[in-house]
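Q: Quick note, the sequences are listed as chains A and B, same order. Residue 1 is where the first sequence starts when you use the numbering used here, and the numbers rise one by one after that. Residue 385 is where the second sequence starts when you use the numbering used here, and the numbers rise one by one after that.
Calculated from the structure, these hints are not laboratory results. Bear in mind the structure is a predicted one, so any value in this text is a computation, not a measurement. Wrong hints could be hidden among the right ones.
Claimed, not checked - In silico DMTMM-like cross-links for lysine to aspartate or glutamate, where the CA-CA straight-line distance does not exceed 20 Å:
no.: 1; chain 1: B; residue 1: K472; chain 2: A; residue 2: E55
no.: 2; chain 1: A; residue 1: K10; chain 2: A; residue 2: E54
no.: 3; chain 1: A; residue 1: K131; chain 2: B; residue 2: E542
no.: 4; chain 1: B; residue 1: K472; chain 2: A; residue 2: E54
no.: 5; chain 1: A; residue 1: K272; chain 2: A; residue 2: E262
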Amino acid sequence: MATVNLENIKKSYANGFEAVHGLDLSVGEGEFMVLVGPSGCGKTTVLRMVAGLEEVTSGTLRFGNRVMNNVPPRDRDIAMIFQNYALYPHMSVSDNIGFALKLRKMPKDVISKQVGEAAGILGLINWLDQKPGQLSGGQRQRVAMGRAIVREPSVFLMDEPLSNLDAKLRVQMRVEVSRIQRRLGVATFYVTHDQTEAMTMGDRVAVLNNGSLQQCDVPQVLYDRPNNIFVAAFIGSPSMNLYEAFLGSNKTTLSLGSQSIELTDDLVKLRKGLNRYAGKKLIIGVRPEHLMIPGSNDQPYLYGDVDLIEALGSELLVHFSIDARRVHASGVQEDLDTGFSISGEGVARAHARTNVSIGNRVQIGIYVEGIQFFDPTSGNAIWD
Amino acid sequence: MPPGRVFIFLILFVVSVVIMYPFYFMAVTSMRSQSQYELGKGFSFASWIQLFQSVPVAKEMLNSLIVCACAIVIILVLATSAGFALAKAHFRGHGFVLLGIVGGMMIPVQSIIIPEYVNFVGLHLINNYFGAILVYVAVGTPFATFLMTTYFRGVPEELIDAGRCDGLGYGGVFTRIALPIAKPALATVVVLQFIPIWNDLLVGLLFLQEPNVRTFTVGLGVLASSRVVSIPGLMAGSLLSTIPAAVIYIIFQRYLVSGLTLGASK
Ligand SMILES: Nc1ncnc2c1ncn2[C@@H]1O[C@H](COP(=O)(O)OP(=O)(O)O)[C@@H](O)[C@H]1O
Ligand SMILES: [Mg+2]
Numbered sequence: 001m002a003t004v005n006l007e008n009i010k011k012s013y014a015n016g017f018e019a020v021h022g023l024d025l026s027v028g029e030g031e032f033m034v035l036v037g038p039s040g041c042g043k044t045t046v047l048r049m050v051a052g053l054e055e056v057t058s059g060t061l062r063f064g065n066r067v068m069n070n071v072p073p074r075d076r077d078i079a080m081i082f083q084n085y086a087l088y089p090h091m092s093v094s095d096n097i098g099f100a101l102k103l104r105k106m107p108k109d110v111i112s113k114q115v116g117e118a119a120g121i122l123g124l125i126n127w128l129d130q131k132p133g134q135l136s137g138g139q140r141q142r143v144a145m146g147r148a149i150v151r152e153p154s155v156f157l158m159d160e161p162l163s164n165l166d167a168k169l170r171v172q173m174r175v176e177v178s179r180i181q182r183r184l185g186v187a188t189f190y191v192t193h194d195q196t197e198a199m200t201m202g203d204r205v206a207v208l209n210n211g212s213l214q215q216c217d218v219p220q221v222l223y224d225r226p227n228n229i230f231v232a233a234f235i236g237s238p239s240m241n242l243y244e245a246f247l248g249s250n251k252t253t254l255s256l257g258s259q260s261i262e263l264t265d266d267l268v269k270l271r272k273g274l275n276r277y278a279g280k281k282l283i284i285g286v287r288p289e290h291l292m293i294p295g296s297n298d299q300p301y302l303y304g305d306v307d308l309i310e311a312l313g314s315e316l317l318v319h320f321s322i323d324a325r326r327v328h329a330s331g332v333q334e335d336l337d338t339g340f341s342i343s344g345e346g347v348a349r350a351h352a353r354t355n356v357s358i359g360n361r362v363q364i365g366i367y368v369e370g371i372q373f374f375d376p377t378s379g380n381a382i383w384d
Numbered sequence: 385m386p387p388g389r390v391f392i393f394l395i396l397f398v399v400s401v402v403i404m405y406p407f408y409f410m411a412v413t414s415m416r417s418q419s420q421y422e423l424g425k426g427f428s429f430a431s432w433i434q435l436f437q438s439v440p441v442a443k444e445m446l447n448s449l450i451v452c453a454c455a456i457v458i459i460l461v462l463a464t465s466a467g468f469a470l471a472k473a474h475f476r477g478h479g480f481v482l483l484g485i486v487g488g489m490m491i492p493v494q495s496i497i498i499p500e501y502v503n504f505v506g507l508h509l510i511n512n513y514f515g516a517i518l519v520y521v522a523v524g525t526p527f528a529t530f531l532m533t534t535y536f537r538g539v540p541e542e543l544i545d546a547g548r549c550d551g552l553g554y555g556g557v558f559t560r561i562a563l564p565i566a567k568p569a570l571a572t573v574v575v576l577q578f579i580p581i582w583n584d585l586l587v588g589l590l591f592l593q594e595p596n597v598r599t600f601t602v603g604l605g606v607l608a609s610s611r612v613v614s615i616p617g618l619m620a621g622s623l624l625s626t627i628p629a630a631v632i633y634i635i636f637q638r639y640l641v642s643g644l645t646l647g648a649s650k
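Construct all of the structure, not just a fragment, from the sequences and the given hints.
A: Encoded structure:
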């Protein structure tokens, strides 16, 4: 068992590209830490540095109190699961699972006992003599899991282990991986680009973008109090609706395009930072579930035109547009200036039997307490 | 059968006749004595008996085998270790090294054989298995290395990473992961090197002249250039000399096809 500590970790590749810019992160004993971010943001790089497969350019990596920067992978006591599983194609399933134990020169009977146990947990007993090539994707994934758990490592590293599975199996394995991790209580670094996976599996989630940590916290906090518009937009599906808005000098009138709503005094008091934006532009974010269709006159509302309706069975996703400018946050810094789209499309969750149709102009109620505020230049959240 | 297939079968039939006819000729001719051969009919073992009487077949076959086996083992050791390093060690300048090796593939043995001979005389490597083996290795290694490099490039990086996480160092990754999964490439190298080395006459003739180190092909060459040339005896010898190559091919052909199409698709 161990904790993992990253202190100001940087990574520059041989071509001079800096993929990770000073990352501070720690994984507690037995903690399930998810590293999430869009493709190319540096997740794999971080994981490979922790594994020792990639050199740390600067900063300190510790397992417990021990500095690991220059320790080779085989002496780190880690187990890694790769995105494409990386099973040894020339070995049977049982040899794949037992390989690390064999290299540690464990006695044969101990190895076969431990391989048997792992195979039992993963439902692979009937496949032990097969070669990986004869297995289905799901079974290969299990073998990769087996190879990791049989070693009883002090740290698990998993790089998008479920991304090659079909949707149904992915959901099933999500639960299974979490269950096994909790049972073994091993500190885990889990990389994914899928925010749903991150939210459902992680004890804590670290959101990474362009090689920088955006926020690291428990899933609910990421959802309720995103640090910046990147986290706000990345976490949650459908994504948070982000608009350019204008706060009146009275600090309570919020204009969105040609329409406006009134904020409550309580809300403004709670977010002291808003005082600095009186009479200024800012960015607001509203979660789809904080928009009510149809709205009513006893809460703030806007009018929007319905563009599209997605019926999910349990609910409707109503896509609408208003004349405020929509903000996209794919890469916060670059997009702030250019990322405003002309039509202010947005999404609202509505009850499955809501009576709306495409082309309607609808009244959209807004749960004002749920609105998030962001600085329009830095993209950072406005609190106090 | 659709006409297209008939056409293909026809072509294949013609090609196989062209390929098989020399074997047929060798087989039939070797089963005749010189006079029967001149007559064009008859059947006897005379030429086989003659072959075994005039040529130390067992000794020369053994010589061929020693030279062949040693050369191939050395080629395999060099080509696999160099190929793996070129494909996976990511050292500085590996592109240049590979370019040099590919350049080596283009040098015909005929162009270096005389300087080589002069060098080897100085080094006392003439009429010595090792001299011939060195030449075969020098000629065969570049292509074998190129083939192994291509093969190892296709090995996913993550497989190597997995091995390193499981406790292997560079050498361990090479011997326990890279080599076992390179079996098709190894088989390809063995077959593609065995056939030319076994059949070689030029290098053998120059470097292995003395009777006690002669390879079988050199023995046959000597037979062919003697005063009285027995065509049936020569055919018997030639037929005999094709057998090992055929055996090697049959043993390894299971892997050969997948080895030859390497790199064609991922
Ligand atoms: N060996 C390398 N050399 C140079 N750049 C690399 C190398 N590996 C990855 N990168 C770059 O580093 C960035 C992060 O890559 P990676 O960690 O694989 O991202 P992720 O796993 O989040 O998709 C990408 O922009 C990628 O192009
Ligand atoms: Mg990745």
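Q: None of the hints should be skipped; say for each whether it holds.
A: Hint check:
Between B:K472 and A:E55, the direct Cα distance comes to roughly 16 Å. Compliance with the 20 Å bound is thereby established for this hinted pair. A distance of roughly 11 Å separates the Cα atoms of A:K10 and A:E54; the hinted pair therefore holds under the 20 Å criterion. Proximity of A:K131 to B:E542 is assessed by CA-CA distance (about 18 Å); at most 20 Å being required, the pair is judged to hold. For the hint linking B:K472 to A:E54, the alpha-carbon distance of about 14 Å falls within 20 Å, and the restraint holds.
Proposed proximity of A:K272 and A:E262 is supported: the alpha carbons are some 17 Å apart, at most 20 Å.
Of the numbered hints listed earlier, not one is contradicted by the structure.
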